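Full structure from sequences and hints, please.
Quick mapping for you: the protein sequence lines, in order, are chains Z and G.
Here the working numbering is used: position 365 in the first sequence is 365, and no number is missing along the way.
If you want the working numbering, it's the position in the second sequence, counting the first as 1, plus 1000.
Hints in this document: simulated from the structure, not taken from any laboratory.
For clarity, every value in this text was computed on a predicted model and none was experimentally measured.
Just so you know, even glycine gets a beta-carbon here, dropped at the ideal spot from N, CA and C.
Any given hint might turn out to be false.
A partial selection of chain Z residues facing chain G, derived with a Cβ cut-off under 7 Å [as the list claims (entries may be wrong)]: (1) 18; (2) 50; (3) 57; (4) 64; (5) 155.
No farther apart than 30 Å at their CA atoms in a straight line, the calculated lysine-lysine pairs in the DSSO-like style are these [said to hold, decoys possible]: (6) 1148(G) / 10(Z); (7) 2(Z) / 153(Z); (8) 1010(G) / 153(Z); (9) 1340(G) / 1456(G); (10) 1413(G) / 1130(G); (11) 3(Z) / 1148(G); (12) 1456(G) / 1428(G); (13) 1428(G) / 1413(G); (14) 153(Z) / 10(Z); (15) 1148(G) / 1010(G); (16) 1130(G) / 1148(G); (17) 1148(G) / 153(Z); (18) 153(Z) / 3(Z); (19) 1130(G) / 1010(G); (20) 263(Z) / 1456(G).
Using C-beta positions, here's what the derived DEER-type ranges look like [unchecked claim]: (21) 1014(G) / 233(Z): 52 to 60 Å; (22) 1276(G) / 131(Z): 37 to 45 Å; (23) 157(Z) / 1325(G): 54 to 62 Å; (24) 1006(G) / 199(Z): 49 to 57 Å.
This is what each chain is made of:
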Amino acid sequence: MKKAIQIVMKDAVHLWPRIGAFFAILIVYAVTDPTYVERNRHDPSIFILIIQILPVLLALSCWLVVVSAVQLESLIGSEQYWLTRPFGWRTLLGAKVLFIVLFVNLPVFLYQAWVLAELDFSPLTYLSVLFWRQVFFSIFMIAPAAALAVATKSLRQAIAGALIVAVLIEPTGVWAARAVNWGELQWIKTTAIGLVVLVGVCLALLLQYRRRYAAISRGVLAVTVFACMLLLQLRPWGPAYAIQARLLDTRVGDSPIRTSLDKSRSGASPDEGGYRAGTRCLEIPLRVDNGPEDARLSTNRVFVGISGAMNYWVSNGAYHENAGQGWLILFLPSAEAAHAGGQPATLHVTIWGLGRDTCPPAALFELRDRTCLSPYLPDGYAPFPTSAWLRPIEEYSPRAIAYFARTFEIHLDRLDDYLAQEAYSNPEMSLKVKFDSNAE
Amino acid sequence: MREALHIFRKDVRHLWPRIAVWLGLLTALGWLDSTRPARTPSFSHQLVALVALYLVVVPLLIASVIHAEELTGNRRYWVTRPFSWRSLLLAKGLFLVVFLDLPVSVMQSAVLASNGLNTVDYLQTMLAGKASSLVYLAMGIALASITKDLGQFVTWLILGFASQAIVTILLTDHVRGFAVSQSWDTPFVFLAQAVVMAATAGIVCWLQYSSRATGRSRCVCIGGLLAMALLPFVLPLGAINEYLVRFSAPVADSVARLSLDSPRELSSIPNWSWDPRHRYYHLPIDVAGIPWGMHAASEYVAVTLTAPNGETWSSGWNAPNEIHSGQATGEGRVLRGDGKYWLYMEVPHSFNDRFVSVPVHLRARATFTLLGVPQIARVRTDGQSQRLPGGRFCGNEWRDRFLSATCLAPFRKPAEATLRFRFPDTGKMEEHGSSGDGLMVNSVWTVIASASEQVKGPVNVTLETREVVGRFERVLDAAGVRLSEYMQ
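Structure (structure tokens):
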């Protein structure tokens, strides 16, 4: 331990300008964060520019400290000076971990606690939240930088490695975010990716510090990157939903909530229409009975199979409530909808969860545009915060009080009765939408 | 020159993989930029990612080429070689111009050509942009020359930015007198900063390359960075303001005459200032004589109050005073014809508390920018992009219930741009003013207006642009004003 502390002190002396840069940016970030700092209308444009660039610089300075600290005792090659010094790999690894905890994790923790205290949240009350934030910050911000540092010889190589990883991961992530929307269950995917990153990085660190197997370590990191890319593409909604449902205290099994076609209403939703190029919007009045009071149905995901008129699977649906009346909204391809419009159809619907639409008691309400800001869970459905970013206060999604899944059938005599017109028919200008197909 | 070319060739051989990465990145950026008007021109993730890569690769290339002949310390190999520091500096400058600057110009010309635009038409704007990028390049060389390795270079970049941020934040909250938020002076601030940056870079490069005086060079660098941060707060904006008005195209005296109105209530009082040392007022005023169809944008207002005992307080030009229509947003500064408006001013408590109830003489010198009659173009709403006069492009995109429209122009924005969504069914109209560019490095396109609206029926979208006709000053002179009557 004494040797590890000596190494930490040596590193701190050597890297003080980089640590100073990180601290300076962290302080500036803390006092200007627009999430909780309201700005004056007359703030100069240069000030706004600074606020926009700060997060990038904060990440950059954090990575610089981590990579520099690890590479002070380079792990590539067998001619490194420290191999002849009287300390083992465990001491060195321990020293680097201690250094990062002291000069990266601790300042970030103090910054987060300070922000909470400034906003009248007791940091002690939210200690577990702060802990989880540290965990995910370490996994997604520190661990990748440390892994690149041990697998490369210099900062230049580490940057090149980061660029390669970014080029691989970024398009996959963007594509996955568009193609597979996990919505409120995103935290399950984030946690799974976090676990993969943690295992991959720990393995690479152990291999490098113990044996300096650079090629194998790089291989492990490459596998980790590809595993992350794979995870980003996965769509195991069912298992994720089952995990989420198990985590909640309130269970809604087969009990009383019932969903069915509301035959007392017809036509289309008065307000919540939806338009996408090349699609027709199917708007079905839906009735939800026996839900708990002070709660409303919230869409997690809708899978609808349409049989009869057309055989088609839809997963782009949503449930909206307007003046206490619910609407199931789906988008169908225009051509197929036009072809099947006059025929009967049966919808096989699998539906959702149950959410509470209020801020938690401890939330800061109305700081910005009536957004609910809370230190608790940035993702209202998660049991712990999975955000990797430093900010301790984030927008709060309503927390679910229960989850349930319902599969039911709706029989429509004529699909056309529930189809809104195409979003636009004249390519030059206007948009023609018929809201009430029954009115004509 | 021959020596410089030798060093240049050596650097090219040494750094060709990095040059290749950079050129590849630039090609990808150019391709995305050239297809941007044809696609939905909203901000794409790919573009953001490439710009982020750009911001990493450019400093990396600068540091690589400068650090190839390191300048810190006394034991550098090249000191013993038979070439002068001038040749070395020339070689490095040549490398960065040839491989960093020139390809960007080629890329921009290609983007313009691929969209049917002629580079010659935009040469002036491109050259102005080139001058500023050369200044940044020179600063990059200077920072690289005072650092030993990439780690130090990045640390200096971060510390340089942090110092700017800290000075700006400290002064923003504690100095009354910044005025960078006004529309026309931002280029002046950037110009002044560019001059300081160029001077700093020149001195540092000369010191480092001629005598490797790293300590002194670092001091000069720190001084330059602090000076750049201080500039927005110390620039004589009043003088610039008067200069602009004096040399502007003439505007008739009858345009935008000001007079004090009787006290009336401002329906919603925007919370514009939290400075506890000042009391803020919204004085009701009448504005008359704005030509039909034109707009007058309020710029700076210098207010002078003279008490009965002769004591005078003057805000100076840099105070955040303005004439506005009551809107909380920046668009409130645009006066859209004759009517009743407000003069916003901040008076220090030291003066206000003593003379709030006694009649004072108010004299406000207000400067305006007169914006001409609009050019109106219809924007399509069918998901197809379109070309508008002046090399502008507009695109639109549907996402569920929302119609987004984005309009681009090569390099330069008009003085004012507004996207209007009209809903004939309901008679409703939504307006969206100019929007920011986002993080677009070396892009040909600048976003002139971008907006998104929820659409529930027929919709017509138009783009309205205006250019500056002239700048002018008007004086509001009122005696016997009791400030207490105007407290909101």
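Checked hints:
Proximity of residue 18(Z) to chain G holds as hinted, the smallest CB-CB distance being about 5 Å (cut-off 7 Å). The interface hint given for residue 50(Z) holds, since its Cβ lies 5 Å from the closest Cβ of chain G, which is under the 7 Å cut-off. The interface hint given for residue 57(Z) is met, as the beta carbon of that residue sits about 6 Å from the closest beta carbon of chain G, less than 7 Å. Proximity of residue 64(Z) to chain G holds as hinted, the smallest CB-CB distance being about 6 Å (cut-off 7 Å).
Contact between residue 155(Z) and chain G, as hinted, is supported at the beta carbon level, the nearest pair being about 5 Å apart and thus within 7 Å. With a C-alpha separation of about 20 Å, the suggested pairing of residue 1148(G) with residue 10(Z) holds against the 30 Å cut-off. A hinted pair counts as satisfied when its Cα atoms are at most 30 Å apart, and residue 2(Z) with residue 153(Z) qualifies at roughly 27 Å. The straight-line distance between the Cα atoms of residue 1010(G) and residue 153(Z) is roughly 24 Å, inside the 30 Å bound, and the hint therefore holds.
A hinted pair counts as satisfied when its Cα atoms are at most 30 Å apart, and residue 1340(G) with residue 1456(G) does not qualify at roughly 34 Å. A distance of roughly 18 Å separates the Cα atoms of residue 1413(G) and residue 1130(G); the hinted pair therefore holds under the 30 Å criterion. At roughly 29 Å between alpha-carbon atoms, residue 3(Z) and residue 1148(G) fall within 30 Å of each other, so this suggested pair holds. Annotation: proposed proximity of residue 1456(G) to residue 1428(G) holds, straight-line Cα distance about 11 Å (limit 30 Å).
For the given pair, residue 1428(G) sits about 27 Å from residue 1413(G) by alpha-carbon distance, which is consistent with the 30 Å threshold. Taking the CA atoms of residue 153(Z) and residue 10(Z), the gap is about 20 Å. The hint holds against a cut of 30 Å. Under the criterion of a C-alpha separation no larger than 30 Å, the hint pairing residue 1148(G) with residue 1010(G) is consistent with the structure, at around 20 Å. Restraint check for residue 1130(G) and residue 1148(G): satisfied, since their Cα atoms lie roughly 28 Å apart, inside the 30 Å limit.
Proposed proximity of residue 1148(G) and residue 153(Z) is supported: the alpha carbons are some 17 Å apart, at most 30 Å. With a C-alpha separation of about 24 Å, the suggested pair residue 153(Z) and residue 3(Z) falls inside the 30 Å cut-off, and the hint holds. Restraint check for residue 1130(G) and residue 1010(G): satisfied, since their Cα atoms lie roughly 26 Å apart, inside the 30 Å limit. Among the hinted pairs, residue 263(Z) with residue 1456(G) is consistent with the structure: their alpha-carbon atoms are about 24 Å apart, no more than 30 Å.
For the pair residue 1014(G) and residue 233(Z), the supplied restraint of 52 to 60 Å is violated, since their beta-carbon distance comes to about 40 Å. A hinted range of 37 to 45 Å for the beta carbons of residue 1276(G) and residue 131(Z) is consistent with their spacing of about 39 Å. Distance hint for residue 157(Z) and residue 1325(G): a CB-CB separation of about 57 Å, consistent with the stated range 54 to 62 Å. Evaluation of the 49 to 57 Å hint for residue 1006(G) and residue 199(Z) yields a pass: the beta carbon distance comes to about 51 Å.
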